[in-house]
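**Student:** I would like the entire structure built from these sequences, with the hints used as guidance.
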Amino acid sequence: MVDGHGRVVQANANAAELFGFPAAAMIGLEVEMLLPGTLGARHREHRARYMADPHVRPMGATGQSLVGQRGDGSVFPVEIALSPVETPDGRRYLASIRDVSGTARVRQSQVRARYDALAARIGQLALQSQSGSALLDALPRLLVEALGVDAVAILFPAGQGERTYVRAHALRDGGEVPPPNGQPLADTAVVIGDCGAGGESPGALPLAMPTSGSLALMPLRGRQGVSGALLALDTAPHRFDHDALHLLQLAADLLAAFLHQRHAEEQLAHAQRLDAIGQLTGGIAHDFNNLLTVMSGCLQLLESEPDAEQGRELIATALRSVGRGAELTGKLLAFARRQRLLPQAVDVGALLGDVVLMLGRTLGEKVRLHCRCQPSLPAAYADPARLETALVNLALNARDAMARGGAINVSAEMALVDASLAGPTLPVGYYVRIEVEDDGHGMAPETLARAMEPFFTTKGRDRGNGLGLSMVYGFARQSGGDLRIESALGLGTRVRLYLPVARDAAPPLSSGGTDTRHGRGERVLVVEDDEAVRAIAVAFLRAEGYLVEAVADGAGALRRLREEPGVALLLSDVTLGTGIDGPMLARTAQAEHPGLAVLLVSGNEERAGRLGAGFELLRKPFRREQLAVAVRRRLDAAGAGVARRATD
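Taking the UniProt record's numbering, I'd label the letters of the sequence shown as residues 1 to 648.
Among the hints, erroneous ones may be present.
Said to hold, decoys possible - In the EDC-like style, the derived pairs of lysine to aspartate or glutamate whose C-alpha atoms are separated by at most 20 Å in a straight line are:
1) K366 with D439
2) K366 with E437
3) K366 with D400
Stated by the list, open to error - Now the in silico label distances, taken between C-beta atoms and shown as ranges:
4) E30 with A264: 53 to 61 Å
5) E531 with G429: 43 to 51 Å
6) H370 with D137: 38 to 46 Å
7) L416 with D137: 34 to 42 Å
8) G429 with D400: 30 to 38 Å
9) A236 with V428: 44 to 52 Å
10) D400 with A264: 28 to 36 Å
Keep in mind that the hints were calculated from the coordinates and are not lab data.
Note that the structure is predicted; figures quoted are calculated from it, not measured.
Just so you know, even glycine gets a beta-carbon here, dropped at the ideal spot from N, CA and C.
**Tutor:** Here you go:
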């Protein structure tokens, strides 16, 4: 029995035995002496509230886990019944206490078995789930039912600013989830036993603090850091014991592993989809280059005719259109990672300086451009011209995302891509990382998912063809790097371009040769499976003063060379349909006819990139003067101009 000051005024022998004190020694003790020291202050608050409104409280009515402490310091679980008693000495409070150690152990075993079964169920759901949303929606409900708490929610950052939003939640009657407060997600577990007990709340708590009750926040940690959090709330204080926290942590770990696996699968599928589109795009560009070669050739031949001035103007306009078509196929090939690159060690800092100077006159007065480059940044291994084009594309995209102006931040630094950042398209290693960040309107998730697809654009029909980002992506992948984009609506966009660090970079290729455009009667054998392209090449070469013969395939070319040994130069397409291809034809022909000059042409950069040393390549569509210069250069290099001159 306890008086109004919380001191023991009477204790029977059972109480003395339960707490390990002589009965006389218990008289006068403050009741908090029979509790663990960490609970004393909070119990005084509960006692004061009860004494202000005394009532009969049956044993076990609170539903909370209560503990007592014996004289030897050992702790044991108890259940307590309270009732006020009026005595001649004033109001007293009768406490009936029962040791429930045996019952608690059984109950704890049952709870642990139930939690283990739920953990297995969650793992099974993760394995069977066809979509991430199925597990995300089911998990809070399962945890609310198992733990008997008021609310469970899954939190995710909204984007670069890491403002938090509630992705999925489940509520018991009367439960609610406090609104996010803009704080970033915590990277360690946060457990608050009594939200109403005062004290300073953790600064990393990503939501408004409830006014009372208990809270547990478990971060979803993966290889790339914290991706979200699992939150559990209850109006009762100290609701989460060791087993409940263990279950929440296990559920958070399973969910984090599931989300990481799902993200990796989505990345791989996206890369495979882009690769498939790239293969298709490369094939289309190859065929389109053949068409452009024919159109350009016909127009150039007409251009040399003494027609009226108006006709020449029309031809010039048509040729400009062909040039734009060639630029379009160049962008297609860039996305398809089949463009011809001339990689070398690039001083990224110097190149950025040049690009910034150029962009300062291009972006407009409303756009503020800031550039920062790491001191002593190692050289990147890339094609400098393509890199400059890629950076200009990224800056123009950033400008277009800021209709009312804003800031574009460009930076370059060396970055280590470790296992947490690496993926199917970016191996572990050191890279030069170039970032272009804007504070524009950002992209919605569905737009971000398609941002690197060719021809996808959110601009008007007259403001772009949707090849800017896809071209940069193709350049990055072909260079041995990658392109990563982070964006969210209202939070701007950050594009990261990864390029390999230069080691033994090859020097840039030199064009060399003699710029002569006139033939000297040499025999040239043209090998081209496209009849129209073949006719254009023959017409160009004959106009330059060469004696030209033409065949459609490699086998026919070898027969013609054996029958007519006076051929000085072999001009062959790389791709010749079925049978022997251009490079194999060239090697066989040179083995049989030493001194034979060879020039290969192609509109398929993937095949062209595998030619090996010793062969010069002319890309389609080519102009007449480009073909003339290349043929003359190969003949002069082979010494064929005199040694193999044909006779009429």
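**Student:** Taking the hints in turn, state whether each one holds.
**Tutor:** Now for the hints, and whether the structure bears them out:
With a CA separation close to 13 Å, the supplied pair K366 and D439 stays within the 20 Å bound. Under the criterion of a C-alpha separation no larger than 20 Å, the hint pairing K366 with E437 is consistent with the structure, at around 16 Å. Proximity of K366 to D400 is assessed by CA-CA distance (about 11 Å); at most 20 Å being required, the pair is judged to hold. The hinted range of 53 to 61 Å is satisfied by E30 and A264, whose Cβ atoms lie roughly 59 Å apart.
In this structure, E531 and G429 meet the distance hint of 43 to 51 Å, their C-beta atoms being roughly 48 Å apart. Checked against the given bound of 38 to 46 Å, the beta carbons of H370 and D137, roughly 43 Å apart, stay inside it. In this structure the hint that L416 and D137 lie 34 to 42 Å apart at CB holds, the actual value being about 37 Å. One distance hint, 30 to 38 Å for the beta-carbon pair G429 and D400, holds here, with the actual separation near 33 Å.
Taking the beta carbon of each, A236 and V428 are about 48 Å apart, inside 44 to 52 Å as hinted. Checked against the given bound of 28 to 36 Å, the beta carbons of D400 and A264, roughly 32 Å apart, stay inside it.
When each numbered hint is compared with the structure, no violation occurs for any of them.
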